[in-house]
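Student: Line by line, the protein sequences give chains V, C and F. Here the first sequence is numbered in the working numbering, starting from 1 and rising by one per residue. Here the second sequence is numbered in the working numbering, starting from 700 and rising by one per residue. Here the third sequence is numbered in the working numbering, starting from 828 and rising by one per residue.
No lab work stands behind these hints, which were simulated from the structure alone. Hints should not be assumed to be uniformly reliable.
[As the list claims (entries may be wrong)] Derived Cβ-Cβ restraints for the label pairs, each shown as a range:
#: 1; chain 1: C; residue 1: I775; chain 2: V; residue 2: E244; range: 43 to 53 Å
#: 2; chain 1: V; residue 1: L444; chain 2: C; residue 2: I775; range: 50 to 60 Å
#: 3; chain 1: V; residue 1: E233; chain 2: C; residue 2: P808; range: 17 to 27 Å
#: 4; chain 1: F; residue 1: L855; chain 2: V; residue 2: K246; range: 53 to 63 Å
#: 5; chain 1: C; residue 1: A791; chain 2: V; residue 2: T424; range: 33 to 43 Å
#: 6; chain 1: V; residue 1: E244; chain 2: C; residue 2: A791; range: 48 to 58 Å
#: 7; chain 1: V; residue 1: E233; chain 2: C; residue 2: K704; range: 21 to 31 Å
#: 8; chain 1: F; residue 1: I862; chain 2: V; residue 2: I475; range: 21 to 31 Å
#: 9; chain 1: F; residue 1: E983; chain 2: V; residue 2: E480; range: 48 to 58 Å
#: 10; chain 1: C; residue 1: K704; chain 2: V; residue 2: F44; range: 46 to 56 Å
#: 11; chain 1: C; residue 1: K750; chain 2: V; residue 2: A425; range: 53 to 63 Å
For glycine and all other residues, C-beta sits at the position ideal for the given N, C-alpha and C.
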Amino acid sequence: MSISKDDLKLFISEAEDLVQKVEDEVFKLENDPNNIKPVQELYFAFHTLKGLTAMANLNNVSKFCHHFESFLDKTKETKIDVDKRDDFIKLLFDSLDLLRSILKNVKKGDFSDIDENFLNSIKESFEDFEMASEASLSLINPITPDKIKNILDDKKNFFYKIYIRLQPTCVFKKVRLFIIFRALNEFGQIFFSKPDPDILEEGDVKIDFEIFYFSQKKENEITKVLDEILEIENKVVTSLKNDEVKNLVEIDIVNWSKREKKKVKKTTAEQISGRDQKLKRETLAKISTIEETFEDEGKITSVKVNIDVLEKLMNYFSELVVNKNQITQVLKNKGELDLSRMFDEMDKPFLEIQEIIFDLKLVRVESTFRRYRRLVRDVGQEVGKKVQLILEGTNVEIDRKILEELNGSIIHLIRNAIYHGIETANERKKQKKDETGTIRIATLRRAGMIFIEVEDDGRGIDYENVRRKAIEKNIYSKEEGRDLTTEDLNRIILMPGFSSLEGADQISGRGMGLAIVADKIKELGGSFSIQSEKDIGTIFKLMVPFTRAIINAQLIRVSGDLFAIPTENIKQIYLYDKALVENVGNAEYYKINSDLIPIIYLNQYLKFDDEEKLQKEYKSKIAVWVKKDENISAIFVLDEILQQMNVVVKPFKFSYSDLYNILGSTIMSDGSICLILDVLSIITSYMIENKFSKLTTIQ
Amino acid sequence: MTNEKKRILIVDDAQFTRNILKNIMNKTGYVEIVGEAANGKEGIELFKKLKPDMITMDLVMPEKGGIETIEEILKIDPKALIVVVSALGQEALVLEAAKKGAKDFIQKPFKTEQILEVLERILKKKVE
Amino acid sequence: MISESEKSKQMVSVILFEIEGEQFGIDLLTAREIIPKGQIRRLPQTFEFVEGIFNYRGDIIYIINLSKKLRLAEFKTLKKKEMELSGEYEANSYIIVVSINNIDTGFLVDRIINISHVKASSIIELSPIFETSVSIEYIKGIIKFEDRPRIMLDVEKVLTEAEQVQIQKELNI
């Protein structure tokens, strides 16, 4: 391969930037279709991608980009047809998937280009698409069986069969049909025709044809519309009965669409997505596998790192730190000062590695949440609802692992909101709501917790129905049921199996699986709650710890109680030596090498011992050098040091204590609780309390 | 019914075509040719000035073609009634014109009846 | 609307318990469970009335010392002193788990007396004629029993708004 490794990295990161740019612009275009700027930006992006991929010898990918470029070039001047816009945007999204999958392969070292045949077929159908966008009439919109009921139910609609015979001298039949259909569609909708719509739309008609049409206009008004059109020799407008319409839709249209599917060449979009179905599934269903986060993609020299590998790295590193500390301690005890000093010099690189690893583990929620735009769009389209997504607080940082774990739950909530929460545009109109439903995902970090709200402005939960169902299903007796509070009902909704009961969609407006979401959040050490109001909307509130649920911690004992210190905050552990304590002003410092480090006696700080006990000679044995960052550190003096272990952090949901001093708690194997100290906060608050003007060690 | 005559603007680069159209229309007695333009540019100027009830539009003209002219006129007045007068073999162009908003079309060579039909249907005027 | 006569027929279940020798009641519906006291982990730098945290079925919940919260220790009754002397009295031996604002919290009490079913009409509003050992804000009403009345505590109010504001502030740091 002729490309150097560095060049390859550059290629990948530039290409990823461009692909991201394409996605951003597609969203802009979708939101503001009349804005020509995104089209221009897309044009440039594909143009650059074309050159870039050609340089990487991905010639067919380059050609693929070229097709987009030239099409966009045309589109820059002639705006995209409104009825073609959705196809066009879908096409762009699918191209994104394709490009991403290619880049993914390249990252793995797989440089296989797109298949030549595939490219040709793409090119062909692309031409079709262009043609289509220029010439297709698409003035006949066959009704699908699922929609017929609504249309029939609307009593204002009249249904007609219109027979039209053109003058034999009519030559430009395609234009003539266009004019006829356009005129009719202004007052209703042509929903089927004989000959078939695709034939008629091509203007392929001998002299006469029938169209099926519904409108709120009366028969004579429709005749009047047709009266204004030239080259019509004869026309007959007849009313259709509801069951005739039904037959037409359920038999003729269904058969036609089956024929159509077989016959019609796959659209470009379908071809592209068909090529890499697997990828598409990944993107849609499992929108974020953390291993391909955008965070990585945005940076110049990004590489894909498997989160599990990162986790392992972290754990092994922690072990290493502990071992090193033990060795140093032994060496010191034996008086091997030279050796122990050499080991001490390893501290700095050790610390740096630790920080890097910690940083690697934090990621902005944006990296995953931005993908929800796509999800909302796709699911919205799938169910034919207009939905917009508002993201707030996307710069909040959270542990990758937790974000990864959360992802599935949030996707579930979004899908739920679109499927069951948000109403159809029509319903919303009736409710005097904006036709477009809104899903808002707001993220907020408070103390050690991340709060995420997934809010929709849909139909909300009908609590009375939940109550009724709870009684019907004998979960509660009639009397008990009557007294259930909203809080109780929320709890019932989250009961495993309740929402999956038949008909749950109608009662709660929610599908199954909320119980699973609640469980998942609980598992992460968080909590999950519901707030909903009928016809106003629903807010799902998720609260999860921002740090990893599992941390490596050093267990210690202070005043007889068990605590834990995250090992990542520990620099060194020493045997406490009173001789090393020095007083400067009112404060006490511990002497380490030539540095003086402020001392925090944990028993005093935690105020666990009463005054009497404090006055007695304190029998502290251990000094733990903990750090806030490079410059700020302290010595924790404590009673006893126990083992190190991985603990699952259970953050406080709600606090009566100085939350910022306690990171959370963990349940030990015997069921007892151990508090995990928040070293950073303790150092900071201690420094402030004791008015250390500078939060640094004295050199 | 008012006695006011319907006012028509003819946009065509061929004097010959304009004359034929004028002759046929004048004979009806209820329309009046208020202006004639030999290209799109002139056509737009006259349209602004005259505000005619209907415009007949050739598609292939120097200076400014029919398609562009239709677009600009409809930008000025979306309700403007434009009837395309086209030559044979221009189906794609006529379709384009229709998409841009032309109300209808007739083909050259046209017969008197065709012109009358246009007036009747589009201006909703019965020929006596 | 529930008519007066219906109201008089309505029954309320009340958990009766004892703290510092005095008996109180809470509405059974507000309670989730009564469990024997287990190991409670004390918390540093917290409100005095917070006894600590407790592992309640894998969830960590706060334990409120009702005696301290209601400042009952200051009113140590003669009865209790007697019982203490005779060694009969065992303080803080049960936890009543209640749900406040969707969060489970444990109330530490000395003794569970029983669960009584009383007529809704027999729970009356506090009137000045009663002299109570507990601050009025925590009292939901007075339950009339045949022998003597007991105070019905307002579980939600026991954690007053002020404390919740304080907690909110802490969360914002």
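Student: Hints broken by the structure, by number, lowest first?
Tutor: 6, 9 and 11
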